Amino acid sequence: MGVLGINRRNAVYTLGRNPRHLYPLVDDKLATKRLCREAKIPVPELLGVARTHREAQRLVEQVRAFDSFVVKPARGAMGNGILVLEWREGELYRGPRPFAEADLTYHAAGIVSGLYSLAGHMDVAMVEERLMIHPAFGALVVDGVPDVRVIVYRGVPVMAMMRLPTVESAGRANLHQGAVGTGVDLATGRVIRGIQHDRRITRSPDTNADLGGFEVPQFRSIVDCAIRATEPTGLEYVGADVVVDAEKGPVILELNARPGLAIQLANGAGLRPRLDAVDAWLESGEVDRPRIAERAAFGRGLAADTRP
Amino acid sequence: MSPAVRWTGLLFFAAGVSVAAFKVVRHELPLSPSEEQGPWQVELTVTVRGDGQRGSVRAMLPATEAGQRIFDERASSDRLDWEVQERESGRAGLWSGWLEGVHEVVYRFRVQSRAVDLPLRGAETVVEIPRAIRSLYMKPSTTIPSSAPSVKAQILDLDLPPPSDPVARIQTVFSFATHEIATERSAAGDVLLTLDRREGSPDGKERLLVALFRAAGIPARLCHGLELADGARPVPRVWTEVRLASEWISASSVEGWIGRRPADWIVMGRGTLSAVEASGARAVGHRYRALREHLRADEIASLMAPDDPVLSFLSLYRLPVGSQSLLHLLLLLPVGALITALFRNLIGVRSYGTFMPALIALALRDLTPAVGLALVGGVLAIGVSARFGLERLRLLMVPRLSILLCIVVLCVTAIALTSASIGSRDWLAGAAMPIVILTMWIERITITIEEEGIREAGVRVMWSLVIAAAILPVYQSTQISYLMFTFPEFVLSIVGGLVWIGGYTGFRLIELLRFRELGQEGVSR
Chain A
1 MGVLGINRRN AVYTLGRNPR HLYPLVDDKL ATKRLCREAK IPVPELLGVA
51 RTHREAQRLV EQVRAFDSFV VKPARGAMGN GILVLEWREG ELYRGPRPFA
101 EADLTYHAAG IVSGLYSLAG HMDVAMVEER LMIHPAFGAL VVDGVPDVRV
151 IVYRGVPVMA MMRLPTVESA GRANLHQGAV GTGVDLATGR VIRGIQHDRR
201 ITRSPDTNAD LGGFEVPQFR SIVDCAIRAT EPTGLEYVGA DVVVDAEKGP
251 VILELNARPG LAIQLANGAG LRPRLDAVDA WLESGEVDRP RIAERAAFGR
301 GLAADTRP
Chain B
1001 MSPAVRWTGL LFFAAGVSVA AFKVVRHELP LSPSEEQGPW QVELTVTVRG
1051 DGQRGSVRAM LPATEAGQRI FDERASSDRL DWEVQERESG RAGLWSGWLE
1101 GVHEVVYRFR VQSRAVDLPL RGAETVVEIP RAIRSLYMKP STTIPSSAPS
1151 VKAQILDLDL PPPSDPVARI QTVFSFATHE IATERSAAGD VLLTLDRREG
1201 SPDGKERLLV ALFRAAGIPA RLCHGLELAD GARPVPRVWT EVRLASEWIS
1251 ASSVEGWIGR RPADWIVMGR GTLSAVEASG ARAVGHRYRA LREHLRADEI
1301 ASLMAPDDPV LSFLSLYRLP VGSQSLLHLL LLLPVGALIT ALFRNLIGVR
1351 SYGTFMPALI ALALRDLTPA VGLALVGGVL AIGVSARFGL ERLRLLMVPR
1401 LSILLCIVVL CVTAIALTSA SIGSRDWLAG AAMPIVILTM WIERITITIE
1451 EEGIREAGVR VMWSLVIAAA ILPVYQSTQI SYLMFTFPEF VLSIVGGLVW
1501 IGGYTGFRLI ELLRFRELGQ EGVSR
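Top to bottom, those sequences are chains A and B.
Numbering (my numbering) for the first sequence: 1 to 308.
Numbering (my numbering) for the second sequence: 1001 to 1525.
Isolated chain A (complex conformation) (with noise of 0.2 Å):
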């Protein structure tokens, strides 16, 4: 069936191609910021950063100034430890609930502490911008940013899918808090189905609207940009984490050297004949370096293939 299992993505694809080295390039989300930056990829603007309990402290003062952003541990895993603050009222910030000012410290000490580290060691606290809502997703979404997470391998694209934050989930875009995940037809940019806890859906929990046919926003540029992210990385399997900005367009939100594997059961296809494709494409002395756009069309290529 083509399916990637854990053992195997572990064995042949991270353990395999991506050095162990490079990997605090992805997982401190600061260095991946610094990273596209240099190589002029939009990310969202950094507001703040504090790396001892000291500058937690200061970090309100250094925020004071927005009404919106999203607080996050710079090595953070699986989305724990994200706080989204989304407007003021006065001495409160609206979050998950409502927040104060020494929640916010409290919360950035948290971090600083190590609570949500992959690793349990001291870690940073960084303010991002919040972005805005693409208003596409408006249909499907009633809280939260929605992202693209694209599987980049040996620099081309595989597979494609959107994640819908939920009520469920409480605004964030993780499907195993309960964030639909949707297969993207990396060829067209159409949704091919749906998924939430694993399992089959074909509407939005919370908007009800059809998920199938629905066309992703600038999904070229989504899967160029990702493509452009992962390459002064060095990883050769590495998921990267689009959002379409209202404004700004594509920006890459985080790279991940360890990407799920229910990106298979939103697409409803399995990995690795893709992954083999690539292989076979890049090693069978055809092409020599290909460009960008010519991986990005071997991917489109791939999913034209092989769809169900």
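Just so you know, the hints here were simulated from the structure itself, not pulled from any lab data.
Quick caveat: nothing in here was measured; it's all calculated off a predicted structure.
C-beta: ideal position from N, C-alpha, C; glycine also.
Any given hint could be a false lead.
[Unchecked claim] Only part of the chain B face toward chain A is listed, based on derived beta-carbon distances under 8 Å:
id : residue
1  : F1313
2  : N1345
3  : G1348
4  : R1350
5  : Y1352
6  : L1396
7  : I1447
8  : E1451
9  : W1500
10 : R1508
11 : L1518
Put chain B on the given structure of chain A with help from the hints.
Below, chain B without anything else, positioned relative to chain A:
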């Protein structure tokens, strides 16, 4: 699985199996315990401190006699001279020399013991007790004052049956000491005080019994020994031997038995001396350790000194008892790790911490699975509730974790108190509860509940406990413990198995369920 992985795994697996097979074939070692009631290995460690004077340490040594066979005796002497004295009164080991600083001397032996059953029965004819025995075991002494007025008065008061019925005489004296004198660990060990107060220490009570027998004209002597128990320190015991016809009958007024000495009680020596005594020393202390082996004596002998020098060097059976106990435990850990890898990589369950279930199981190995898992579950529940309470105080991480640690320690203390007050077995005997692991576990459960919901946390806790429960019987099995200790080369085989699991790139069982839908579509197309 790549060829390199396949062959590396096979290499390790075969290495372990072939060494074990060689030992089985060549040295005829059984693959399963051949003797559930195998010999005990007992170790006496004496620590003595001196400041440069000449001195000596004397320890009672056990002898082969009815009910016990002593073999494989060894001693280490730590700069002192070592000799064994064989006397009428029993065997003794003597370490002597200049006592300078701290000396640690060790005497170890193996003993095959069985219950001694000499029922209290009337002889056909009254046998005249030899003069030598009468002169040794009927005389009063300072520690056994059988001629003291109060002892004599007590014998008169008991109104003993006539000497023609020695069984009834012994029984009358024995039941007086057993039933009329209370046992109180903290009470006096003096015979006259014990008689006067109707209460004495185990030592005092047995001395009183000996004194009463002697006052009644029946030869009796004090016996020192150890009560051995698997997984626990040996308990020093004192009991009485009373002469009936031509036999010495064992009796314990503390435990209330007469005629039958249990199999796990061994005799270390007789008389009124202590088990270990020192002269010319500033301080002396001693402790016993024991470990039950599950092999026949001849098999142990071939394991301890195989004719092959390499095997002899590698045999774990020649190590000190403490190291052996520890290795029995440590060698089980690879088996636990193997089971963990099976669950995580082949089945694909989500659990907390890589080795956490294996370590939790290690701590619970002296308990039944139900009690053990209930205890861990209880500590986790209390800890997680406390953690949610602490959340409101907004404490920084390290102090907060430290508070959780304190709560876990308090929980474990409460468990100890509860187990003691309901008179259950010692729940904390053996390994200490893995306090730090429990603490970190509580923290991570709390974060999971907050981040991913109580359902996800529940699933992971459940699977962690399932893995622990699957490992627990392995840790408790005599068979597996025996196998790993006698054939430690199986660790290599486990490494081989782990190499295979590590190189397995196929689906995990849970993924088959997860991607089931994609598979069905593939078939239908």
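Status of the hints after comparison with the structure:
1. The closest approach between the C-beta of F1313(B) and any C-beta of chain A is roughly 38 Å, which is over the 8 Å cut-off, so the hint fails.
2. This hint holds: N1345(B) has a C-beta 6 Å from the nearest C-beta of chain A, less than the 8 Å allowed.
3. Here the hint on G1348(B) is kept, as its CB sits about 7 Å from the closest CB of chain A, short of 8 Å.
4. Hint status for R1350(B) relative to chain A: violated, with the closest Cβ pair at about 10 Å, above 8 Å.
5. At its closest, the beta carbon of Y1352(B) sits 13 Å from a beta carbon of chain A; the interface hint therefore is violated under the 8 Å criterion.
6. Hint status for L1396(B): holds, given a least beta-carbon distance of 6 Å to chain A, under 8 Å.
7. Because the smallest distance between the Cβ of I1447(B) and any Cβ of chain A comes to about 7 Å, under 8 Å, the interface hint for this residue holds.
8. Taking 8 Å as the C-beta contact cut-off toward chain A, the hint placing E1451(B) at the interface holds, the least distance being around 5 Å.
9. Checking W1500(B) against chain A by beta carbon gives a least distance of about 12 Å; that is not within 8 Å, so the hint is violated.
10. Because the smallest distance between the Cβ of R1508(B) and any Cβ of chain A comes to about 6 Å, under 8 Å, the interface hint for this residue holds.
11. Proximity of L1518(B) to chain A holds as hinted, the smallest CB-CB distance being about 5 Å (cut-off 8 Å).
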